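These protein sequence lines map, in sequence, to chains A and B. So in the working numbering, spot 20 of the first sequence is number 37, and the numbers just go up one at a time. So in the working numbering, spot 43 of the second sequence is number 60, and the numbers just go up one at a time.
What the hints contain is simulated information worked out from the structure, not anything from laboratory work. What you were told as hints is all true, and nothing was included just to trick you.
Repeated chains share a single entry, so a pair holds when one copy, or any two copies, can fit it.
In silico lysine-lysine, DSSO-like type, Cα no more than 30 angstroms apart, as pairs:
| no. | residue 1 | residue 2 |
| --- | --- | --- |
| 1 | Lys233 | Lys275 |
| 2 | Lys160 | Lys140 |
| 3 | Lys225 | Lys288 |
| 4 | Lys58 | Lys186 |
| 5 | Lys20 | Lys140 |
| 6 | Lys137 | Lys58 |
| 7 | Lys36 | Lys87 |
Just so it is clear, the structure is predicted and the values come from calculations on it, not from any experiment.
2 protein chains.
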Amino acid sequence: MLKIGYLGPEGTYSSHATKLYDDENLKIPFNTINEVLSSLKSSETNQVVVPLENSINGSIVEVLDFLASKNNFHIVGELNIEINHSVYSLSSINNEDVKVVYSHPQALAQCYDYLINNFKNAKHKASNSTADSYNDLINSNEKGVFIGPPWMKDNEKIIVIAENVQSVKNNVTRFVVISDKNKIKKTISDKTSIVISFNEDSPGSLFKALEPMAKKNINMTKIESRPTKEKLGNYYFFIDIEGHFEDKDINECLTEIKEISSLKFLGSYPKFN
Amino acid sequence: MLKIGYLGPEGTYSSHATKLYDDENLKIPFNTINEVLSSLKSSETNQVVVPLENSINGSIVEVLDFLASKNNFHIVGELNIEINHSVYSLSSINNEDVKVVYSHPQALAQCYDYLINNFKNAKHKASNSTADSYNDLINSNEKGVFIGPPWMKDNEKIIVIAENVQSVKNNVTRFVVISDKNKIKKTISDKTSIVISFNEDSPGSLFKALEPMAKKNINMTKIESRPTKEKLGNYYFFIDIEGHFEDKDINECLTEIKEISSLKFLGSYPKFN
Numbered sequence: 018m019l020k021i022g023y024l025g026p027e028g029t030y031s032s033h034a035t036k037l038y039d040d041e042n043l044k045i046p047f048n049t050i051n052e053v054l055s056s057l058k059s060s061e062t063n064q065v066v067v068p069l070e071n072s073i074n075g076s077i078v079e080v081l082d083f084l085a086s087k088n089n090f091h092i093v094g095e096l097n098i099e100i101n102h103s104v105y106s107l108s109s110i111n112n113e114d115v116k117v118v119y120s121h122p123q124a125l126a127q128c129y130d131y132l133i134n135n136f137k138n139a140k141h142k143a144s145n146s147t148a149d150s151y152n153d154l155i156n157s158n159e160k161g162v163f164i165g166p167p168w169m170k171d172n173e174k175i176i177v178i179a180e181n182v183q184s185v186k187n188n189v190t191r192f193v194v195i196s197d198k199n200k201i202k203k204t205i206s207d208k209t210s211i212v213i214s215f216n217e218d219s220p221g222s223l224f225k226a227l228e229p230m231a232k233k234n235i236n237m238t239k240i241e242s243r244p245t246k247e248k249l250g251n252y253y254f255f256i257d258i259e260g261h262f263e264d265k266d267i268n269e270c271l272t273e274i275k276e277i278s279s280l281k282f283l284g285s286y287p288k289f290n
Numbered sequence: 018m019l020k021i022g023y024l025g026p027e028g029t030y031s032s033h034a035t036k037l038y039d040d041e042n043l044k045i046p047f048n049t050i051n052e053v054l055s056s057l058k059s060s061e062t063n064q065v066v067v068p069l070e071n072s073i074n075g076s077i078v079e080v081l082d083f084l085a086s087k088n089n090f091h092i093v094g095e096l097n098i099e100i101n102h103s104v105y106s107l108s109s110i111n112n113e114d115v116k117v118v119y120s121h122p123q124a125l126a127q128c129y130d131y132l133i134n135n136f137k138n139a140k141h142k143a144s145n146s147t148a149d150s151y152n153d154l155i156n157s158n159e160k161g162v163f164i165g166p167p168w169m170k171d172n173e174k175i176i177v178i179a180e181n182v183q184s185v186k187n188n189v190t191r192f193v194v195i196s197d198k199n200k201i202k203k204t205i206s207d208k209t210s211i212v213i214s215f216n217e218d219s220p221g222s223l224f225k226a227l228e229p230m231a232k233k234n235i236n237m238t239k240i241e242s243r244p245t246k247e248k249l250g251n252y253y254f255f256i257d258i259e260g261h262f263e264d265k266d267i268n269e270c271l272t273e274i275k276e277i278s279s280l281k282f283l284g285s286y287p288k289f290n
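Please take these sequences and the hints and turn them into a complete structure.
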């Protein structure tokens, strides 16, 4: 049986993504993203499901740095999970009696407009995660509500007050599955991720590296620069393209880019719909 | 007198960056990044200081989206602020007597290794900001510590337990100053920010847009793609280059890029050292 690591605790978006990816194998929660990634290095896990980027808050740079570093792990899957905030209580309550709202500070900020319009007498209190905010309300000596993920409504002790209360729409987190197993097979619709860097820091380097893709009409779905930390002004470029490394075009393209840059192949994997 | 907006409350990294940028004018705190940005649109403020990207957590996408949208505001400055976490208490305390640690969940996560090694009996409790964690400890009925920014040691009621306790090094937030005033003058060392997009989604578009920069040997210090939300697979590219729009090379280059893309000039401003 495979061991799959993720950022706990149970009930968070990370645990939700992990269950959605796999419902057979052993899933192990860790306390921080770094512990999740380290579990792969120490062979404590075979695969990990980690957030890579959020449409509101940008990339999780610890994960980018792990992908760019020397190791033999590959991306074998991706999942896009919509982040939707619901307001819950433990018993029926009038808006004006809500004295406290618990949630992760990011969720509190994203629902700020709703909260000030609806709960005029409430303090906003931070929880460690949207899952923890439930426990914080149970242990609170004030009456109130908490903000949590949509699947919490399945809990019979919880009452739904409102759904989709965030001000910012299109809040999606892209999770990737990183694995110690070999490269994976071609499907009908794949994506390939690479990271490239240049020894010489000439302004035209990136331009030259994009030429093989442009000439072969390969679609680039992402490009992101990130400082290498080794030398000021020196960058990694994270690039996602459509296709699988077994496709003739992609294969030739990667070979050409390799001739003019340091290229690390991160993986080819099914595109998430 | 200018009115400068920032993300409050007092004592956070944002308020620190704002003071560093300006010590003369009126500074107005807001509750969310969106309120800060809206204050510029409603003329409640003339300038705002907002975080644009963090070296660990990536870009603040609300700010990127604001920059890319139709408006006449310009970036007029940048500041790079190092994020360093210190551990503080309210009275002298032995490590084993620490029952609770307060801070923003991001700070708790970044100091996780230090905390579990030093405070074996402590629960980690979330605060709304690193500035709030001080008040949370004051109001707590348990003995403990809190994690906050380095300048809190200037408060006479606070005792420094340890400094620089984060596991992740090189944690820097880049703030930008966005203004309603006109374009600003050339200095000895400037940066120019632009955002480009393409009507036609051909794979070679970005490649062609980078050509003028490559040919003129203009140094690109950042490139980041971001979905436009208008059409699936359609992207904005945020690009920073070295130089000022009054430089002949930069000016010609921007004109050439404009011929093959929709280009929004975001501003030329002094490079932060």
